[in-house]
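Position one of the sequence shown corresponds to residue 1 (the numbering used here), numbered consecutively onward.
No lab work stands behind these hints: they were computed from the structure.
Computed spacing ranges between beta-carbons, pair by pair:
1) SER9 <-> ASN83: 37 to 45 Å
2) ARG39 <-> LYS124: 21 to 29 Å
3) GLN15 <-> ASP135: 27 to 35 Å
4) TRP137 <-> SER9: 38 to 46 Å
5) ALA119 <-> GLN34: 17 to 25 Å
6) ASP126 <-> SER52: 19 to 27 Å
7) ASP17 <-> LYS131: 27 to 35 Å
8) ASP126 <-> GLU70: 17 to 25 Å
9) LYS104 <-> VAL10: 32 to 40 Å
10) ASN11 <-> ASP135: 32 to 40 Å
11) THR138 <-> LYS33: 12 to 20 Å
12) PHE76 <-> LYS131: 18 to 26 Å
DSS-like cross-link-like pairs, simulated, lysine-lysine; straight-line CA separation at most 27 Å:
13) LYS124 <-> LYS51
14) LYS42 <-> LYS120
15) LYS51 <-> LYS33
16) LYS42 <-> LYS54
17) LYS98 <-> LYS124
18) LYS28 <-> LYS86
19) LYS98 <-> LYS54
20) LYS108 <-> LYS98
Every value quoted in this text rests on a predicted model; they were computed, and no experiment measured them. From the three backbone atoms N, C-alpha and C, an ideal C-beta is built for every residue, glycine too.
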Amino acid sequence: HMGPRRSYSVNDRIQADNYHGTVVNHIKEICEKQGYLVRNNKRMDLVIQGKSKKSLMEVKTDLDTYSRYEAIGQLFYYSLTYNLPKNTKLVAVFPKPKIPEFKKVLDKLGIEYIAYTKAKKQPKFDRTLDKILKDLWTL
1 HMGPRRSYSV NDRIQADNYH GTVVNHIKEI CEKQGYLVRN NKRMDLVIQG
51 KSKKSLMEVK TDLDTYSRYE AIGQLFYYSL TYNLPKNTKL VAVFPKPKIP
101 EFKKVLDKLG IEYIAYTKAK KQPKFDRTLD KILKDLWTL
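Build out the structure end to end from the sequences listed, making use of the hints.
In structure tokens, the structure reads:
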């Protein structure tokens with residue numbers, strides 16, 4: 001069932017955009033500390049270069065259905081537009097709580113699901129992030 005769309009005030013929008021940057025930068029820092037090369041551009045949030053494969057991550061600050069559809073679409077669309085290798089790990093990064101239905105859909109699509117706790121200073125990621133990074137390091 002679809003409730004009315006939440007209308008955003010300009011302020012909410014700006015805060016969401018700022019926090020989006022915070023999450024992206026924090027993942028970037030974690031990856032770079034571990035020796036990964038990380039790129040992004042206007043459209044793709046994060047491309048992490050592992051030993052023999054890459055990971056494309058799409059970060060959202062909201063759990064609404066629109067954000068969920070958008071993340072799935074962006075991951076597939078960008079991986080094709082930018083000709084990322086077939087074995088690229090696609091990853092959706094969302095605030096907690098993890099939604100079981102969403103996780104089921106992502107599993108079927110072969111997309112990894114990282115959940116984070118929204119903390120003021122920096123977000124805390126669940127263990128999936130470490131698992132993905134370890135996996136990128138192995139051949």
